[in-house]
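> Taken in order, these protein sequences are the chains called A and B. Taking our numbering, I'd label the letters of the first sequence as residues 1 to 157. Taking our numbering, I'd label the letters of the second sequence as residues 1 to 134.
Some clues are possibly wrong.
Taking lysine-lysine and the DSS-like style, the derived pairs with C-alpha atoms no more than 30 Å apart in a straight line are [unchecked claim]:
(1) A:Lys-67 to B:Lys-45
(2) B:Lys-33 to A:Lys-67
(3) A:Lys-37 to B:Lys-14
(4) A:Lys-119 to B:Lys-3
(5) B:Lys-3 to A:Lys-34
(6) B:Lys-45 to A:Lys-103
(7) B:Lys-45 to A:Lys-150
(8) A:Lys-34 to B:Lys-14
(9) B:Lys-33 to A:Lys-149
(10) A:Lys-85 to B:Lys-14
(11) A:Lys-37 to B:Lys-33
(12) A:Lys-150 to B:Lys-33
(13) B:Lys-3 to A:Lys-85
Taking CB as the label site, the calculated pair distances span [claimed, not checked]:
(14) A:Asn-62 to B:Lys-74: 20 to 28 Å
(15) B:Gln-28 to A:Arg-9: 34 to 42 Å
(16) B:Pro-34 to A:Lys-141: 42 to 50 Å
Beyond 12 Å from chain A on every Cβ pair, some chain B residues (computed) [said to hold, decoys possible]:
(17) Leu-7
(18) Leu-51
(19) Ile-75
(20) Asn-128
By construction, these hints were calculated from the structure, which means they are not laboratory data. Please read these numbers as outputs of a predicted model, since none were measured by experiment. C-beta: ideal position from N, C-alpha, C; glycine also.
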Amino acid sequence: MLVRTYQQRVYWHVRKMVIDHDDADDLTQEVFIKIHKAIGNFREDSQLFTWIYRIATNECLNFLNKKRRRFFLPIEDINSQLSAKIDSSDTISGDEIQKKLQKALLQLPDKQRLVFNMKYFDDLSYEAISEITKTSVGALKASYHHAVKKIENYLTA
Amino acid sequence: MKKLEDLSRDNIFKVPDGYFEQLPGIIQARVAKPAPQPWFIPVLKFAIPVLFVAAMTVWFTSGNGTTIEDQLSKIQTEQLIAYLEESELSVDLVSEEVSLMNEDDLLDLEERVLSSITPLDITLEDLNDLPDNF
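Take the sequences, apply the hints, and build the full model.
Structure representation (structure tokens):
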């Protein structure tokens with residue numbers, strides 16, 4: 001029941017971060033297995049969906065960090081790999097400008113990209129993002145503002 | 001400059017057909033399946049009892065963890081006197097045994113006795129002061 005309710009939100013949240021469907025599939029499964037194991041620790045004082053988002057967010061960040069460490073790759077090389085997938089993957093559609101937006105997002109630091117995705121695509125409130133990322137609303141607003149500027153500069157370059 | 005508001009927010013990512021219909025079943029199956037046991041668990045199942053028995057053996061054979069001094073201190077003085085009186089070890093017996101030794105045996109005994117004595121850290125000055133202190 002929990003999986004059916006939240007699977008799409010979790011999957012798309014993860015997919016936008018890792019780009020590749022197989023990676024997103026693995027991570028989504030891991031997220032729900034962790035949720036299943038930790039559901040007893042869930043405190044009612046936070047909303048269930050923010051708690052689930054937080055687990056998914058942590059899984060994404062850990063995955064990207066591990067990927068860099070495993071292949072001793074700098075951030076730029078991982079971003080180049082993911083950019084190439086945007087062009088070559090048969091599970092990615094969209095016009096050129098939409099693909100360019102996704103490539104622009106890859107230029108952002110992981111956490112800033114997460115914040116941008118949650119605000120721009122998922123339309124979450126700053127308060128909800130604050131609870132998920134454990135970051136102040138002020139810092140999130142600044143982060144989003146910087147992200148928008150960087151993306152717009154990239155799109156016009 | 002291109003504004004973000006002008007862009008479509010449509011999701012450009014896609015999933016294989018039927019993916020979200022199958023995913024709950026896949027997750028359910030993974031949750032129901034017991035997690036694979038780490039390789040060292042079966043080893044530990046055997047190693048722990050063996051180590052326990054070995055540790056208990058060492059503990060019992062080494063005097064329950066006490067030193068010889070501790071064990072001796074628990075023996076009553078009367079028991080010690082009775083033991084020494086009953087034992088065959090006496091100065092007379094040792095003297096008799098020494099008197100039967102040849103020169104090589106005596107040299108060997110001397111060497112063993114000297115090697116068993118810990119040299120004392122006594123200076124000539126200490127020795128000169130000895131009569132004054134006692």
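> If you draw a straight line from the CA of Lys-150 (chain A) to the CA of Lys-33 (chain B), is it 30 Å or shorter?
46 Å, violated
> Taking 30 Å as the top limit, are the C-alpha atoms of Lys-119 (chain A) and Lys-3 (chain B) close enough?
Cα-Cα ~16 Å, so holds.
> Minimum Cβ separation between Leu-51 (chain B) and chain A greater than 12 Å?
Its Cβ never comes within 12 Å of chain A, the nearest being 31 Å, so this holds.
> Please verify whether Lys-85 (chain A) and Lys-14 (chain B) have alpha carbons no more than 30 Å apart.
Holds, at about 13 Å.
> Is Lys-3 (chain B) close enough to Lys-85 (chain A), meaning Cα to Cα at most 30 Å?
25 Å, holds
> Assuming the hint says 42 to 50 Å, is it satisfied by the Cβ distance from Pro-34 (chain B) to Lys-141 (chain A) or not?
The hinted range 42 to 50 Å holds for Pro-34 (chain B) and Lys-141 (chain A), with Cβ atoms some 46 Å apart.
> Between Lys-45 (chain B) and Lys-150 (chain A), does the CA-CA distance stay at or below 30 Å?
57 Å, violated
> Has the given pair, Lys-45 (chain B) with Lys-103 (chain A), been kept, meaning a C-alpha gap of at most 30 Å?
Distance of about 52 Å is beyond 30 Å: violated.
> Is Lys-37 (chain A) within 30 Å of Lys-33 (chain B), Cα to Cα?
Status holds; Cα separation ~13 Å.
> So is Ile-75 (chain B) really clear of chain A, every C-beta pair being over 12 Å apart?
59 Å, holds
> Find the nearest Cβ of chain A to the Cβ of Asn-128 (chain B) and say whether that gap is larger than 12 Å.
74 Å, holds
> Would you check the hint for Lys-67 (chain A) and Lys-45 (chain B), treating anything up to 30 Å between C-alpha atoms as holding?
35 Å, violated
Going through the hint list in order, the structure does not satisfy hints 1, 5, 6, 7, 9, 12, 14, 15 and 17.
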